[in-house]
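*Asks:* One-letter residues, chain by chain:
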Amino acid sequence: MKRLFKTVWVWLDDRIGISVLLSPMKHIAPQDAKWWYVFGSATLVAFIVQVASGVALAFSYISSSSQAYETLLFITNNAPFGRFLRGLHYFGASAMVLMIGAHMAQTFLFGCYKFPREMTWTTGICLLGFTLAMGFTGQLLRWDSTAAWSVVVAAEQAGRIPIIGEWVARFILGGDTIGGATLSRFFAIHVFVLPGIMFAFIGLHLWLVLRHGISEPPVAGKPVNPATYRAEYEELLKKSGKPFWPELAWRDVTVCTLLIIAIALAAFIVGPPVLDKPPDPSILAADPRPDWYLLWYFALLSLIPDRIEGYVMIGFPVLIGLFLLFVPIWNHKGERAASRRPWAIAMASLSVIMIGALWWEGQQSPWSPNFAAQPLSEKVVGATSGPVFTGAQLFHAKGCLNCHLIQGFGGRRGPNLTYIADELTRDNMIIRIVNGGTNMPAYGSSLKPQEVDALVAFLQSRKRPIRPQDQSTQAELSPTSVRK
Amino acid sequence: MDTSLTESSSAPPTETPEEISRRRFFEKLSIALIGLCSAIVGVPLVGFIVAPFFRKVPEKWITLGKVDDFQIGKTVSVPVVDPSSLPWAGITAKSAIWLRRKNDTSFIAFSANCTHLGCPVRWLEGAELFMCPCHGGVYYSDGSVAAGPPPRPLVRYQVRVENGEVKMSPIVVPITTEL
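Sequence lines, in order, name chains A and B. Using this note's numbering, the letters of the first sequence map in sequence onto residues 1 to 484. Using this note's numbering, the letters of the second sequence map in sequence onto residues 1001 to 1179.
The hints are simulated quantities; they were obtained by calculation from the structure and are not laboratory data. Quick caveat: nothing in here was measured; it's all calculated off a predicted structure. Hints may be right or wrong, so weigh each one.
[To be verified] Among the chain B residues that face chain A by a calculated CB cut under 7 Å, a handful are: (1) PRO1083; (2) LEU1086; (3) PRO1120; (4) LEU1179.
Where is the CB? At the ideal position from N, CA and C, for every residue including glycine.
Only chain A is shown next, with the shape it has when bound in the complex:
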């Protein structure tokens, strides 16, 4: 039997050339390329998970604006393994973004983008862009209320592109509004166009890895000299190189296995993102938010000054993209070791801190009004009648509570007013209420004088509680105690 198998294999291998096809796997690589070098393979494996789970989901998903939501409900609630597959696709996307980020950080810090691997880096940056585009279009295919409104937000952002903005916006919407053409074009982009381009770029990226070899770990004091690098690299491989398969690949396989287990566990335990309301644009109680990997950018746009927002919206991604694409062009030689490149460490660290901090802010979204704010309780108000009580009711009815916090209740868009009476006088309060201020509407024309009085009475009751020691001090300083 064994002999038969061997004969069949030899015949197939001769006719198809399987060994020749797989021979690049055995290319010689530096033996020190160890655990730091696994992120590229992990990204590729996450992509394969996406392709496999995406193909499976496409068996049931209908890319029609009117039916996609129902098919998603069916996949999630009725189809065998449907919930798991949706989770797999979601967490696979998250893993791919994380792994490509780690891969980019490692190659940047190791100076792998320098001569002769400039284009290996550049194709990788293109793949990063395509991955994020896949993430965004994938979120839109989760065709619920958030997705539908996210299309509008994307079109509005695209509208800011000089000259062609309005055209691009119409292209994204598939017309003048969301409608029958909207989802199907995102489906085509997500399922055919972007994956097709990505396959081509992954092929090119891998070809370049083979052509220029896996970069050796950097050594401080050993800069890249384009005139001598290739000869030195060849010498290194001759001296201590190892075949990638299986001498080095086992680490990649181990990490990829752990990654797939993690993705599958997350899909099984956490499950897919919950579907929002149906994609009915006439439901105006919607609050679109991007998925986590673009939440930091959403936060950035929310936090920067309004007057420069349009420029940042368009200019920031363009500048970051150009910087990443061209960094190996002006910085293609010299030191590779991170210890000799403090700016590289600073940039990588700042990027991680910035994205992390903005992501955290995005989670909190303090700039968004709280539409779910309920009227303040009697305990918080401290009165059941009179101007303070009336003022508290107005504070809710006039939308103040949507933006201001009182003892932990309300919104965070504006300042916390829990102890506002300690900071503002009665006159200052009236001026703010009537005239408005930064990010606050003027209520002068919509409030009657007695309503302003009631609101101010309520706000004047928002003081820090007096501590016992303060009470005793006050008692000592009071006129009666002085008289005694």
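Chain B: place on chain A using the hints.
*Replies:* This is chain B only, laid out in the frame that chain A set:
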């Protein structure tokens, strides 16, 4: 090392000038034919994809309801169905606008899209303000910007009363193009 395409396709030294010229001709012919094939397939393909750029919206006014359906002074969200939507649009053919009846015959229709990034603004009856959930843009009752990042007032649609019915101009998502 690698051999470039030009080097590999260059004629061997033994070939005659006629042979080189013949080869050059076939090379150019093949490239031209590939270009022609690409154009035959590519032009309609690109045209099909970018067609929405040029799709004319029919000037069809949308009926919002009877005049008496709306109270004077009240601002309400009115669901509308885009009459120019594709047959398979389903619920995505729906939209909503904010409509206020000013007096017996006069109405104002506001777009529900925030001029900042298009999120759906909500009308706060008590506060007499429109407020956006995304970045906290606020508009006064006349649609002018009260606070936050919106660069311009809420877009208004044209409204007319015809045979006792309130009608509005075709609905579009207003795209802010200025930076």
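*Asks:* Now, for every hint given, state plainly whether the structure supports it.
*Replies:* Right, here's what the structure says about each hint:
1. Residue-level restraint check for PRO1083(B) is violated (minimum Cβ-Cβ distance to chain A is 11 Å; threshold 7 Å).
2. Hint status for LEU1086(B): holds, given a least beta-carbon distance of 3 Å to chain A, under 7 Å.
3. The beta carbon of PRO1120(B) is positioned within 7 Å of a beta carbon in chain A (closest approach about 4 Å), and the interface hint is therefore held.
4. Below 7 Å, beta-carbon pairs count as interface contacts, and LEU1179(B) has one with chain A at about 3 Å; its hint therefore holds.
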